[in-house]
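J.: Residues per chain, in single letters:
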Amino acid sequence: MKFDTAIIGGGLSGLICGIQLQKKGKKCAIVSTGQSALHFSSGAFDLLSYLPDGSEVENIQEGVKKLIEQNPNHPYAKLGEALPNLINSATQLFEELNISFVHGESNHYKITPLGEIKPTWASLDRLATIQEKQQFPWKKVALFNLDGYLDFYPKFIKQGLKDHQVEVNTFGFSLPELDRLRRNPTELRATNISNVLDKESILNKFIAILKSKISNEEVILLPAFLGLKNDNAFKTIEEQIGKPVKVIPTLPPSIIGIKLQQYLQEEFISLGGVYMLGDNVLEADLENNSVQRIYTYNHGDIPIQAKHFVLATGSYFSQGLIATQKEVIEPVFNLDVTFDSDRTKWYNKDVFETQPYLAFGVKTNKELQGLINNQPLNNLYIVGAVLESFNPIKEGSGGGVSILTALAVADKIAKN
Amino acid sequence: MKKKIDHNISNNNFEQCIKCTICTIYCPVAAVNPNYPGPKQAGPDGERLRLKKSDFYDDALKYCTNCKRCEVSCPSNVKIGDIIQSARIKHSKQKPKLRDILLANTDFVGSMNTVLAPVVNTVLGWDVTKLALDKTLQIDRHRTFPKYSFGTFEQWYKRQAQKQSEYKNQVSYFHGCYVNYNNPQLGKDLVKVFNSVGIGVQLLDKEKCCGVALISNGLINQARKQGNVNIASIRKSVIENKRPVVATSSTCTFTIRDEYPHLLGIDNSDVKEDVELATRYLYRLISQDKIKLNLAEKKIKVAYHIPCHMEKLGWSYYTIELLKLIPNIELIVLDDHCCGIAGTYGFKKENYETSQAIGEDLFKQIEESKVDYVVSDCETCKWQIEMSTTAKCEHPISILAQALR
Numbered sequence: 006m007k008f009d010t011a012i013i014g015g016g017l018s019g020l021i022c023g024i025q026l027q028k029k030g031k032k033c034a035i036v037s038t039g040q041s042a043l044h045f046s047s048g049a050f051d052l053l054s055y056l057p058d059g060s061e062v063e064n065i066q067e068g069v070k071k072l073i074e075q076n077p078n079h080p081y082a083k084l085g086e087a088l089p090n091l092i093n094s095a096t097q098l099f100e101e102l103n104i105s106f107v108h109g110e111s112n113h114y115k116i117t118p119l120g121e122i123k124p125t126w127a128s129l130d131r132l133a134t135i136q137e138k139q140q141f142p143w144k145k146v147a148l149f150n151l152d153g154y155l156d157f158y159p160k161f162i163k164q165g166l167k168d169h170q171v172e173v174n175t176f177g178f179s180l181p182e183l184d185r186l187r188r189n190p191t192e193l194r195a196t197n198i199s200n201v202l203d204k205e206s207i208l209n210k211f212i213a214i215l216k217s218k219i220s221n222e223e224v225i226l227l228p229a230f231l232g233l234k235n236d237n238a239f240k241t242i243e244e245q246i247g248k249p250v251k252v253i254p255t256l257p258p259s260i261i262g263i264k265l266q267q268y269l270q271e272e273f274i275s276l277g278g279v280y281m282l283g284d285n286v287l288e289a290d291l292e293n294n295s296v297q298r299i300y301t302y303n304h305g306d307i308p309i310q311a312k313h314f315v316l317a318t319g320s321y322f323s324q325g326l327i328a329t330q331k332e333v334i335e336p337v338f339n340l341d342v343t344f345d346s347d348r349t350k351w352y353n354k355d356v357f358e359t360q361p362y363l364a365f366g367v368k369t370n371k372e373l374q375g376l377i378n379n380q381p382l383n384n385l386y387i388v389g390a391v392l393e394s395f396n397p398i399k400e401g402s403g404g405g406v407s408i409l410t411a412l413a414v415a416d417k418i419a420k421n
Numbered sequence: 083m084k085k086k087i088d089h090n091i092s093n094n095n096f097e098q099c100i101k102c103t104i105c106t107i108y109c110p111v112a113a114v115n116p117n118y119p120g121p122k123q124a125g126p127d128g129e130r131l132r133l134k135k136s137d138f139y140d141d142a143l144k145y146c147t148n149c150k151r152c153e154v155s156c157p158s159n160v161k162i163g164d165i166i167q168s169a170r171i172k173h174s175k176q177k178p179k180l181r182d183i184l185l186a187n188t189d190f191v192g193s194m195n196t197v198l199a200p201v202v203n204t205v206l207g208w209d210v211t212k213l214a215l216d217k218t219l220q221i222d223r224h225r226t227f228p229k230y231s232f233g234t235f236e237q238w239y240k241r242q243a244q245k246q247s248e249y250k251n252q253v254s255y256f257h258g259c260y261v262n263y264n265n266p267q268l269g270k271d272l273v274k275v276f277n278s279v280g281i282g283v284q285l286l287d288k289e290k291c292c293g294v295a296l297i298s299n300g301l302i303n304q305a306r307k308q309g310n311v312n313i314a315s316i317r318k319s320v321i322e323n324k325r326p327v328v329a330t331s332s333t334c335t336f337t338i339r340d341e342y343p344h345l346l347g348i349d350n351s352d353v354k355e356d357v358e359l360a361t362r363y364l365y366r367l368i369s370q371d372k373i374k375l376n377l378a379e380k381k382i383k384v385a386y387h388i389p390c391h392m393e394k395l396g397w398s399y400y401t402i403e404l405l406k407l408i409p410n411i412e413l414i415v416l417d418d419h420c421c422g423i424a425g426t427y428g429f430k431k432e433n434y435e436t437s438q439a440i441g442e443d444l445f446k447q448i449e450e451s452k453v454d455y456v457v458s459d460c461e462t463c464k465w466q467i468e469m470s471t472t473a474k475c476e477h478p479i480s481i482l483a484q485a486l487r
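In order, the protein sequences belong to chains A and B. Counting from 6, one number per residue, gives the positions in the first sequence under this note's numbering. Counting from 83, one number per residue, gives the positions in the second sequence under this note's numbering.
Misleading hints may appear alongside valid ones.
Okay, the calculated beta carbon distance ranges per label pair [stated by the list, open to error]:
1) Asn-189(A) <-> Asp-352(B): 48 to 54 angstroms
2) Ile-171(B) <-> Lys-218(A): 48 to 54 angstroms
3) Asp-141(B) <-> Ser-179(A): 26 to 32 angstroms
4) Lys-101(B) <-> Pro-142(A): 35 to 41 angstroms
5) Pro-190(A) <-> Ile-321(B): 49 to 55 angstroms
6) Asp-141(B) <-> Glu-63(A): 56 to 62 angstroms
7) Lys-101(B) <-> Asp-130(A): 47 to 53 angstroms
8) Glu-450(B) <-> Asn-174(A): 43 to 49 angstroms
9) Glu-86(A) <-> Leu-133(B): 56 to 62 angstroms
10) Gln-370(B) <-> Ser-295(A): 19 to 25 angstroms
In silico lysine to any residue, SDA-like type, Cα no more than 25 angstroms apart, as pairs [what the hints assert, rightly or not]:
11) Lys-28(A) <-> Ile-402(B)
12) Lys-312(A) <-> Glu-403(B)
13) Lys-354(B) <-> Lys-28(A)
14) Lys-32(A) <-> Gln-370(B)
15) Lys-234(A) <-> Glu-435(B)
16) Lys-383(B) <-> Leu-416(B)
17) Lys-312(A) <-> Glu-288(A)
18) Lys-446(B) <-> Asn-235(A)
19) Lys-32(A) <-> Leu-367(B)
20) Lys-144(B) <-> Glu-192(A)
21) Lys-204(A) <-> Asn-117(B)
22) Lys-160(A) <-> Pro-249(A)
23) Lys-7(A) <-> Ile-368(B)
24) Lys-324(B) <-> Asp-306(A)
25) Lys-175(B) <-> Asn-303(B)
26) Lys-28(A) <-> Asn-383(A)
27) Lys-354(A) <-> Lys-101(B)
28) Lys-331(A) <-> Gln-98(B)
29) Lys-101(B) <-> Lys-218(A)
30) Lys-28(A) <-> Ile-414(B)
31) Lys-7(A) <-> Leu-377(B)
32) Lys-452(B) <-> Asp-306(A)
33) Lys-172(B) <-> Cys-99(B)
34) Lys-288(B) <-> Thr-226(B)
35) Lys-399(A) <-> Asp-168(A)
36) Lys-274(B) <-> Tyr-249(B)
37) Lys-312(A) <-> Ile-402(B)
38) Lys-248(A) <-> Ala-213(A)
39) Lys-204(A) <-> Glu-450(B)
40) Lys-7(A) <-> Ser-369(B)
Just so you know, the hints here were simulated from the structure itself, not pulled from any lab data. Just so you know, even glycine gets a beta-carbon here, dropped at the ideal spot from N, CA and C.
Please put together the full structure from these sequences, using the hints given.
T.: If you want it as structure tokens, here you go:
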């Protein structure tokens, strides 16, 4: 099997890289072990929300400059001068993909499932977001939750919004059609709820409940438990009630993230990309400091050959990085990985503190090429969460690193 | 350079499950049947309890179609479908009904029916027969039965055996029950395509049904017996006669390669890599420039449906690339949906509704696609598609055979 570029990992970073390359006429294959961490994404991508010293970032470009001063090995530092252009290409790509995001030069604010108000870079426009922290667009909101649904916390959200002088009326509801999901408490999840609520007849019953409860609230806030199959679910509610409906993400699985994954995957395939799901790369042939071909579990003796390879295997969750008792390894190529040799320094006992293990990852040179014994592999580029030297949770930089490094590498490959 | 971490194959790899629920999102059954708790609950979650005590076994596991979409989607490489199937074999106390035995014994029923094919096909087409089968055996009356052929593929092949042995290069063909009893034409097409690139086709010494229907209906001992016969014949072909084995059914291939060891305890490790789909065999030779298919320009529009077990094998790429070799073909790849039939599953009265609900989106897309043929590597997908849509469904090898110069 011959491709221009073979991408290992089919999540946000792998797909963005693949889509951009296909758009530039390069034939790509993506090999992915299973579905990706995008299934947990809230639908709001952070580029840089906080600096390592904890201070909040407003203007993104200025923030990135300070970040690079504080951490010269950060993936953004390797993007260098190209960074502003890459941000532009990202927002342009969203537009081309017909995904409407709220974004700007400065961060705006998202509401987390736990009711926190946090800075973010680009949010899907259905999400409840706020432009200025001190200026909430609503004074009075209606917040609904399904009784017994445990991946969403109206009390926390109510408190979080109250801190910003927003009055929140919370309503619980139930529908007999949803009761079957209660048979098994662990299965009352957003996706299963959506499978029921998305059906027109049941959606209408839900709308009737909404109508009966709301009065003079300006907006209806719903957990993201709708719209997995029915793309128009929220629109239908808005039309029938005549008030805007905004969504707050739930704890995983996240319908918004799943839809994004499916959308990007379909886009990649429709551009001519080959998406191989459920396969594992087992072996790679290296010659003259470059990857010649890779062998996978499903394809056995038939290798995937390509001029360029991209490693987009994600972090620990996706097994792009594997932590053993002694070391952190990158399992596909066994690339050089940065980690602390003293295991007791991998983590901080206070779970809310900066966790060092999150900044462990695959070492690269300035070109984002992977290294073995400090020698770069000329045609292997590393993108996304598997990279070293950034802390996606503490900095709020996960989405930005995944998207921008993917676009940077797509540019490098296309120029080659 | 070898990967440091082995492919996850231990029986207990449910320990790798991090409860992310992604498998349940992609389970076609859980999405439509409220009685099925979904693969996470039925697989790794339930396995923890079942290890403690067999009483925790939930009979709802019978609703699993073994499509393996849970495994394909799992980011942690947990063999969720395998865990569920093993649990059914180990813990289910349900005895197979007469209906299950009849549906599962494809060899026996097939060899009876091919003798009387014209009569059987007519009678099975009658509403009154369907109603009777529905009432007596709980085989759903909405089902259309696959037509039986008058005479088997093996009988046809006997007349070709001499000519086939004259080729220098040889493969063995695992034709499966469907080609033998229902669609010998597909077998003839395979012979035609292989002969066209200078390869002769042999049959195995002894071929039994791969056993997939026996496994799913709980007839494990019989499945094991048949599996042993097949593996012995495959071994003779591959090791003694140096003839690799090709097949046309994605499910037979998947069962022999991937289900024999862990569900039936049959070691196939010495021959596994030499059993594969004919499309993959051809693709390999073409990509190595060893053969070339001589295909005529043919204006044809097809929609390719990827069967679930093909998705699990990861081999749809080969089929698609072979079809693309036909000059002037217009090829659409249908969205990745299960068709819902899952072998004998959809024939059962209690599953009919689930089965059709699963396939609904696919049927709609097929009707809208306006193609000459739907193409699929799986015979039961073909039955389901032809019964539920107005489209005609063909195997990729048949499409290639028609396009040969």
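J.: Give a verdict on every hint.
T.: Now the hints, each set against the structure:
1. Range check, Asn-189(A) to Asp-352(B): Cβ separation about 43 angstroms, and the 48 to 54 angstroms hint is violated.
2. The beta-carbon spacing between Ile-171(B) and Lys-218(A), approximately 50 angstroms, falls within the hinted interval of 48 to 54 angstroms.
3. Range check, Asp-141(B) to Ser-179(A): Cβ separation about 28 angstroms, and the 26 to 32 angstroms hint holds.
4. For the pair Lys-101(B) and Pro-142(A), the beta carbons lie near 36 angstroms from each other, so the given range of 35 to 41 angstroms is met.
5. For the hinted restraint 49 to 55 angstroms between Pro-190(A) and Ile-321(B), the CB-CB distance of approximately 53 angstroms keeps it satisfied.
6. Checking the proposed 56 to 62 angstroms range against Asp-141(B) and Glu-63(A) shows it holds: the Cβ atoms sit about 58 angstroms from each other.
7. Between Lys-101(B) and Asp-130(A) the beta carbons are some 31 angstroms apart, a value that contradicts the proposed interval 47 to 53 angstroms.
8. Checked against the hint of 43 to 49 angstroms, the C-beta distance between Glu-450(B) and Asn-174(A) comes to roughly 44 angstroms, which is consistent with it.
9. Checked against the given bound of 56 to 62 angstroms, the beta carbons of Glu-86(A) and Leu-133(B), roughly 57 angstroms apart, stay inside it.
10. The hint said 19 to 25 angstroms for the Cβ distance between Gln-370(B) and Ser-295(A), and at roughly 22 angstroms that hint holds.
11. As the CA atoms of Lys-28(A) and Ile-402(B) are separated by approximately 21 angstroms, the hinted pair is consistent with the 25 angstroms bound.
12. A C-alpha spacing of about 20 angstroms is found between Lys-312(A) and Glu-403(B), which places the hinted pair at or below 25 angstroms, so the restraint holds.
13. With a C-alpha separation of about 39 angstroms, the suggested pair Lys-354(B) and Lys-28(A) falls outside the 25 angstroms cut-off, and the hint is violated.
14. A C-alpha spacing of about 20 angstroms is found between Lys-32(A) and Gln-370(B), which places the hinted pair at or below 25 angstroms, so the restraint holds.
15. The suggested pairing of Lys-234(A) with Glu-435(B) holds, with an alpha-carbon distance near 19 angstroms, which does not exceed 25 angstroms.
16. Our distance criterion of 25 angstroms between C-alpha atoms is met by Lys-383(B) and Leu-416(B), whose separation comes to about 13 angstroms.
17. Distance restraint check for Lys-312(A) and Glu-288(A): the Cα-Cα separation of roughly 17 angstroms lies within the 25 angstroms cut-off, and the hinted pair is therefore satisfied.
18. Between the alpha carbons of Lys-446(B) and Asn-235(A) the distance comes to roughly 15 angstroms, so the proposed pair stays at or under 25 angstroms and holds.
19. At roughly 22 angstroms between alpha-carbon atoms, Lys-32(A) and Leu-367(B) fall within 25 angstroms of each other, so this suggested pair holds.
20. Only pairs whose Cα atoms come within 25 angstroms are accepted, and Lys-144(B) paired with Glu-192(A) is accepted, the gap being roughly 18 angstroms.
21. Between the alpha carbons of Lys-204(A) and Asn-117(B) the distance comes to roughly 18 angstroms, so the proposed pair stays at or under 25 angstroms and holds.
22. A distance of roughly 22 angstroms separates the Cα atoms of Lys-160(A) and Pro-249(A); the hinted pair therefore holds under the 25 angstroms criterion.
23. For the given pair, Lys-7(A) sits about 13 angstroms from Ile-368(B) by alpha-carbon distance, which is consistent with the 25 angstroms threshold.
24. A threshold of 25 angstroms between alpha carbons decides the hint, and for Lys-324(B) with Asp-306(A) the separation of about 17 angstroms falls inside it, so the pair holds.
25. Between Lys-175(B) and Asn-303(B), the direct Cα distance comes to roughly 15 angstroms. Compliance with the 25 angstroms bound is thereby established for this hinted pair.
26. Among the hinted pairs, Lys-28(A) with Asn-383(A) is consistent with the structure: their alpha-carbon atoms are about 23 angstroms apart, no more than 25 angstroms.
27. Taking the CA atoms of Lys-354(A) and Lys-101(B), the gap is about 24 angstroms. The hint holds against a cut of 25 angstroms.
28. For the given pair, Lys-331(A) sits about 19 angstroms from Gln-98(B) by alpha-carbon distance, which is consistent with the 25 angstroms threshold.
29. The suggested pairing of Lys-101(B) with Lys-218(A) is violated, with an alpha-carbon distance near 35 angstroms, which exceeds 25 angstroms.
30. The straight-line distance between the Cα atoms of Lys-28(A) and Ile-414(B) is roughly 20 angstroms, inside the 25 angstroms bound, and the hint therefore holds.
31. A distance of roughly 22 angstroms separates the Cα atoms of Lys-7(A) and Leu-377(B); the hinted pair therefore holds under the 25 angstroms criterion.
32. The hinted pair formed by Lys-452(B) and Asp-306(A) fails the criterion: a straight-line CA distance of about 37 angstroms is larger than 25 angstroms.
33. As the CA atoms of Lys-172(B) and Cys-99(B) are separated by approximately 21 angstroms, the hinted pair is consistent with the 25 angstroms bound.
34. A C-alpha spacing of about 30 angstroms is found between Lys-288(B) and Thr-226(B), which places the hinted pair above 25 angstroms, so the restraint is violated.
35. A distance of roughly 23 angstroms separates the Cα atoms of Lys-399(A) and Asp-168(A); the hinted pair therefore holds under the 25 angstroms criterion.
36. Of the supplied pair hints, the one linking Lys-274(B) and Tyr-249(B) holds, its CA atoms being roughly 13 angstroms apart against a limit of 25 angstroms.
37. Taking the CA atoms of Lys-312(A) and Ile-402(B), the gap is about 22 angstroms. The hint holds against a cut of 25 angstroms.
38. For the hint pairing Lys-248(A) with Ala-213(A), the CA-to-CA distance comes to about 14 angstroms; that is within 25 angstroms, so the pair holds.
39. Only pairs whose Cα atoms come within 25 angstroms are accepted, and Lys-204(A) paired with Glu-450(B) is accepted, the gap being roughly 22 angstroms.
40. Of the pairs offered as hints, the one joining Lys-7(A) and Ser-369(B) holds, with about 9 angstroms between alpha carbons and a cut-off of 25 angstroms not exceeded.
Hint check: violations occur at hints 1, 7, 13, 29, 32, 34; the rest are consistent with the structure.
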